[in-house]
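Chemist: The residues making up each chain are set out below.
Number of protein chains: 2
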Amino acid sequence: MEIKYHPIGTIHSPFKDIAGMPIQPSGASGVRGTVEIRPELAAGLKDLEGFSHIILLYHFHQVREARLEVVPFMDVEMRGVFATRAPKRPNPLGLSVVRLVGITGNILEIENVDVLDGTPLLDIKPYVPEFDQPTEVRVGWLERAKGRVRRQRSDERFR
Amino acid sequence: MEIKYHPIGTIHSPFKDIAGMPIQPSGASGVRGTVEIRPELAAGLKDLEGFSHIILLYHFHQVREARLEVVPFMDVEMRGVFATRAPKRPNPLGLSVVRLVGITGNILEIENVDVLDGTPLLDIKPYVPEFDQPTEVRVGWLERAKGRVRRQRSDERFR
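Top line first, the protein sequences correspond to chains A and B.
Residue numbering for the first sequence follows my numbering, beginning at 1 and increasing consecutively.
Residue numbering for the second sequence follows my numbering, beginning at 1 and increasing consecutively.
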């Protein structure tokens, strides 16, 4: 079974290279970017401005291969790729929760952007705590890395 | 630009029909399901069991058309589709945060499943509050609907 998607737009950010980037929105605090939606889809943005945060689903377009085990940026051990947020996944789908600053026509201004410039966007969803915030959460191998994500930067490993 | 994905597995749930389902994991509290990962990808599940919650990204396989404005289950007004979680989206990608009960080989047991039985799974990510939980969140048109999601069920509108 093959599933075909077409980008709904493009994410623009200050990050032109896959190395040296923040690895999550929490490490990209205050970093501004824009999302350009295809003009013919702009009607789908109605009512979005009432939401302070949005979920971006995008395609890691610079990924050329999948790996089943990776050494994530936050660790020194091999981990199963589905237990990480690394880009070299069987389907290279990325997910970031960013702050929505404003919308003008088909352009969204966003903040806390940890995404490579030129990334094809597949979907936008409103972030809703009642849907998206479970309680009593355990984070496995990341437990030890808590608090480090804000200063951790990417390197060459997923080029 | 066309992006091609292949399912990494299948989501199994008690929900055989698109109508009458819970509309979000918070409305599916305690509902059990399983995720069957393609055996050749099972190595990617290593270390996942340490996480209490996972993000499922899946393909709304019963959706045959996109709409730019929809009347969501939680409302009576037309909303831009990107300001809703409705399935009839330009790229019919679904996202649910579910509780991970356990993993045996290539089978995940999950809880709080709001997904149709037989749904093709595209990706699994660990849920990490530090990455995925912004603070000071506003939820636009959904503000009025707070608390109703637990009892709201789907109907025929997105068939």
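Everything labelled a hint here was simulated from the structure, so no lab data went into it.
Using N, Cα and C, we set each Cβ at its ideal position, and we do this for glycine too.
Heads up, some of the hints might be wrong.
Claimed, not checked - Label-pair ranges, simulated between beta-carbon atoms:
| hint | chain 1 | residue 1 | chain 2 | residue 2 | range |
| --- | --- | --- | --- | --- | --- |
| 1 | B | T104 | A | G102 | 43 to 49 Å |
| 2 | A | V71 | B | T104 | 23 to 29 Å |
| 3 | A | K16 | B | D75 | 22 to 28 Å |
| 4 | B | R153 | A | R138 | 35 to 41 Å |
| 5 | B | V76 | A | M1 | 32 to 38 Å |
As the list claims (entries may be wrong) - Far from chain A, some chain B residues (derived; all Cβ distances over 12 Å):
| hint | residue |
| --- | --- |
| 6 | D17 |
| 7 | R32 |
| 8 | P92 |
| 9 | E109 |
| 10 | L122 |
| 11 | R153 |
Chemist: Evaluate each hint against the coordinates.
Modeler: Structure-based check of all given hints:
1. B:T104 - A:G102: 43 to 49 Å: holds, 47 Å
2. A:V71 - B:T104: 23 to 29 Å: Given range 23 to 29 Å: holds, Cβ gap about 26 Å.
3. A:K16 - B:D75: 22 to 28 Å: About 41 Å separates the Cβ atoms of K16 (chain A) and D75 (chain B), which means 22 to 28 Å is violated.
4. B:R153 - A:R138: 35 to 41 Å: Given range 35 to 41 Å: violated, Cβ gap about 30 Å.
5. B:V76 - A:M1: 32 to 38 Å: holds, 36 Å
6. D17: For D17 (chain B), whose nearest Cβ neighbour in chain A is about 21 Å away, the distance exceeds 12 Å, so it holds.
7. R32: holds, 16 Å
8. P92: violated, 9 Å
9. E109: holds, 15 Å
10. L122: Violated, because the least Cβ-Cβ distance between L122 (chain B) and chain A comes to about 5 Å, which does not exceed 12 Å.
11. R153: Non-interface label stands for R153 (chain B): nearest chain A Cβ at 15 Å, farther than 12 Å.
When held up to the earlier numbered hints, the structure conflicts with 3, 4, 8 and 10 and fits the remainder.
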